[in-house]
Every structure is written in structure tokens, then in C-alpha cells.
Amino acid sequence: MPAKPVLAVLETRDGVLRKVSHEVLAAARRLAAASEGSVDALVCGVTVPGGVDDLASLGADRVLAVTHPDFGRYHPDGIASTIASIGAGYGAIVFAATATGKDLAPRVAAKLGVGLVADVVGLAIEGGAVVATRPVYAGKAIQKVKLRATPAIVSVRPNTFEAARRPGCQADRIAVEAVPVPAFETRVRVTGIKAPEKALLDVTEAPIVVSGGRGLKDPTNFHLLEELAEALGNTAVGASRAVVDAGWREHGAQVGQTGKTVSPGLYIAVGISGAIQHLAGMRTAKTIVAINRDKDAPIFKIADYGIVGDLFEVVPRLTEEIRKLKSEK
Amino acid sequence: MKIAVCLKRVPDTVAKITIGSDGKSIDESGLKFVLNPYDEFAVEEAIALKEKAGAGETVAYSVGTDAAQETLRAALAMGIDRAVLLQNPGSPDGLEVAKALAAELGAGGFDLILFGKLAVDDYNHQVGVMVAELLGLPCISSVAHLAVADRAIEAEREIEGGLEVVSCRLPAVLTCDKGLNNPRLPSLKGIMAAKKKPLENKPATLGAGSIEVLSLEYPAERQAGRIVGEGADAVPELLRLLRSEAKVL
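Chains as they are written, first to last, in the working numbering: chain R, 1 to 329; chain V, 1 to 249.
Think of the hints as simulated: they come from the structure by calculation, not from any bench. As the structure is a computational prediction, the values presented were derived from the model and not from experiment. Hints should not be assumed to be uniformly reliable.
[As the list claims (entries may be wrong)] Now the stretches of chain R that chain V is said to cover, found in silico as 3 or more residues with beta-carbon under 8 angstroms:
no., stretch
1, 37 to 51
2, 62 to 69
3, 105 to 111
4, 117 to 126
5, 130 to 143
6, 291 to 301
7, 315 to 324
[Unchecked claim] Below are the DSSO-like pairs computed for lysine-lysine, each with C-alpha atoms no more than 27 angstroms apart in a straight line:
no., chain 1, residue 1, chain 2, residue 2
8, V, K52, V, K196
9, R, K19, V, K247
10, V, K32, V, K247
11, V, K2, R, K146
Idealized CB from N, CA, C, for every residue including glycine.
Please work from the sequences and hints to get the whole structure.
This is the structure we're talking about:
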């Protein structure tokens, strides 16, 4: 008997699939491969979003299209009702642990009456059940849990499951099937999105994060990090709890236990001493660089590379050297 | 305005965690516990909304052992009117906690039910939203800005690269994010008054749930790194290492 398929719930914004959707597919593919099942990729929108032709090579066997005139923006009640209406047919449902996924997954889990495990960094099948690995206590410990009910519902941490191309997949051969939208009650309505003038990358999703702490001395000095981020490209600017609590930066930029937990490819900590709750929030970064005046700062104990020195000299030089490097390419 | 706030007792965020002898949970001996920091935003919002309305009641709920009475007292000291502890041992999964809270809150006649957006122990981001679904109430999660007028809510929640504007009617469930307000510190008078405020203990029967903890481990230690050098002159060497060794640039 073939295993039940795995449902990958993809995210779009402005009608375009988000990068994290590829990671959700990779996670779903991993579960499907372990249980010899197939992967359905669910996309929502007013119309079928662009880019679905690419999904076969990214791990989907079939695309499920949910189209509705009200689904141009995130529609919690309508989309949760639709996923719940087909959810029982799946062995597992995979969401992204993003702002949307963290809102949507518990709605679906409650509607289906099954448990949910959020912010997962590892997935496997053991004894026929989904087993998830996830950081708890903000990364101070790693918990392994078994999901005994089906569908097993998880959300996966961005930047953790690497999108992988399946070789030999014909991109134009994917089947797109329409999923009927059941009757639903609209209890909440997303009426708009306020985006800053300059599009900002979120610290949880950016491949590179440059974070600043008290060592910057003054909120206006964050321009040094913004310039470094711009030189690096694809980089988000984060902050320590101390400077967020002092009102220097928005809370959305805070890395650490009462802020965000991040896993970028490169994390550059500038003027951050490395309080335990900050380290917990960034220790899963692949490479960590620390720039600090105090050679005994705890941040150097987990940094791969450290520079002891005055950040007001080191950071501008770093920005300058990276600009040079980029212009040579 | 009748407002419920649901709270969790969690280890202090600055505390070091020690894994217990069962290899599945933390060793709680000597560990300092606090009111979940995100729940403080919910408590503050409940008190401020009642103050603004000029009338009403605020009630704090928690599911847990008798030790959670201390957590509820902390909310009473901030200014919550009364508290209810749903006594339950063990660490039930989120859906079971949500079911117990929904059963308790459903007939309470609350205009608003507030939660923190997540608990800083298990990071599961779910109980508040699940309670809303179980009760069939509107829910806005991770609220960073809130306006309540004429029984209508307009809220903003942070999404990647922006803010999502969401509206709904009361009664509703909200989960609160940092940025919503600045939680007040309990006054001495508040702490004294909290000792006399009603705190009801109710045994709760929670199901076994479907999430089974298999193990709890320390994260892999990061290899202690190296100091590349001192001052701005170390920058070229750092870049060389990032390119050729770490291969991240």
C-alpha cells in the first residue's frame, strides 16, 4: 500500500512564490522519500501564481491550485478551511515557519484536531511516524519529538532545508489540479500591507545578517552596518536586545531569545558582547564573525572568525574591501 | 470590557538550561522561572484596555502545576483583577492546552482573550490561535500595534519585510508581540494587593495529546573560533578566510 502523500503549503506574496516555499518543498520531499510517498504543492491566490512550472524539479509531483477572488492577500479563515478540507488525506502537512505559516498552521491543526510542531530544523520518518528535531529554549537545547497523529503537521524554519533540484525532471510536465474552496466564514480580514520605502530583508530569511549591539554607542551609528549590508547585498541588519530595548532599532530586528532565532549562512556580530540569550538566537548560523573591542567578550567563544578592535575602524574598512571585491567580479 | 489573559510559567531567558536525568526535559531544580515575556505584553494590554474602557474585568488563566500560582500572582501584582489556575501536571502538547483553555473560556463572556505570541520555552507558536479556532472566534496573531474602537479591532502584525494590517470584530483572540506596549512594573502596592486577590485552583483533565518528546539534548558545541587579528588591518585576512575557507562570500 503506498504511503499517504505529503502536502507542502507554499507561500506567495504579490502573486509570486516566496523563496521559503522552495525550502518547504525540500522538507516535504525528504518526508516523502523516506515514506515512498508523493508530494502535493498547494498554492493559493486570485489566480494560479507564476513559477509553478518550476515546482516539479523542486520536488513537487502535483500542484494543487486554490483560487478565490479574496485570496490576493493572506486570508487566514478561507485558506485554513481549504487546507483542513483536504488535510485528512495526507500523512504530513509542511508549512514554513514564517509570519504567515505560524498563523496558518495552528488554525489547520486545531480544525483537524491534531498536534503541531513549529520551527522544525530536522525531519525524518522513524517507525512509520514523522520525527522532528527543533531548537527549544531559544536554541539552548534541541528537542526530538514524534508526531503520533496523522496528518503530522510541522512548520520548518527558514534557511534550514536547502532547496534541491531533482535531476531529470521535466519542468513542463507538472499536473495542476484545482482544489474547490469550501464554504467559510471570514472572521478576520487582511486589509493591507505597509512596506517600508526600501524593501527590507527579514533577519530570519536573509542569507547574511549583520547585527549591532551597544558597542555602536549611538543609534545613528547603525548607518555603518547599513552600508556594510548594502555592500554585501542580500543582507539584513539585526540588533541585540539591549539596543532594541533602548529604542535604537525596531523589535523586528532583534536577534535572541525574546527576539528572533536566525540561521543565516553568515552572521556578523558588531559591538555585541554575546549575552547567553543573544548567542542562543544565532548559534545555528553557518559562519559567525565577531568584531569587538573586548578580546574576552563571550561572542568570540562561538565565532568562527574574530577581529579584536575598534568597530568604527574595522567596519568601514570591511565595507570598503567588500565593495572592491564586488567591483572586481 | 471583559478580558482574559492566558499565561505560561517559563524559565528566565537569561538562565542556563540543564537537561534532566530523563533526557527528555530540563532539570528545574534551582532554575528561576518567570512570567513568559510575551505574556507580559498581553497582561499590560488587558490592564490598559480596561483602564481606557473605564469598566470591566481582567482575568488571568494558566494551565500548569501549583508552581504557576506564582506566575499568576505576578500578573495580579501588575493589575489583573483575579486569576484561575487549571491544575495539570506534566507537559501537555499545545492542542491539549488549547482544548482545556477553550473549555474554560468558552462560556466566560469575554470580549477579548489575549495571549503572548509564543512561549520562550517550547517556541511552538500555537495555543492562542488554536483556542480561537476551537471557540470559532476571530484571531489575529503576533499583534504589534492595536486599536480598539466600537467593538472593532484594527491590528498590525509584523511580516517579513513589512507590516500586515488586519481587522476583525469583538469578541476576538489576539496574540501579542513585542512592540505592542511597555509592560508596567508591579508597584509595591500592587504586590501587596495581589496577595489578597482571588486565585482559584481548578483541577483540569488534559488528554494525552499526539506529540511525544523522544529526547532533549544540548546543541552541538561550536568549534571555538580564532582571532584573525587586531584592528582594521585584519580585514583583508578575514575576507580571504570568508572566501576561501568558509566559502560564504
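Hints, verified against the model:
no., hint, result
1, 37 to 51, "violated (count 0)"
2, 62 to 69, "violated (count 0)"
3, 105 to 111, "holds (count 6)"
4, 117 to 126, "holds (count 3)"
5, 130 to 143, "holds (count 11)"
6, 291 to 301, "holds (count 3)"
7, 315 to 324, "holds (count 5)"
8, V:K52 to V:K196, "holds (24 angstroms)"
9, R:K19 to V:K247, "holds (22 angstroms)"
10, V:K32 to V:K247, "violated (41 angstroms)"
11, V:K2 to R:K146, "violated (39 angstroms)"
The structure fails to meet hints 1, 2, 10, 11 from the earlier list, while all remaining hints are met.
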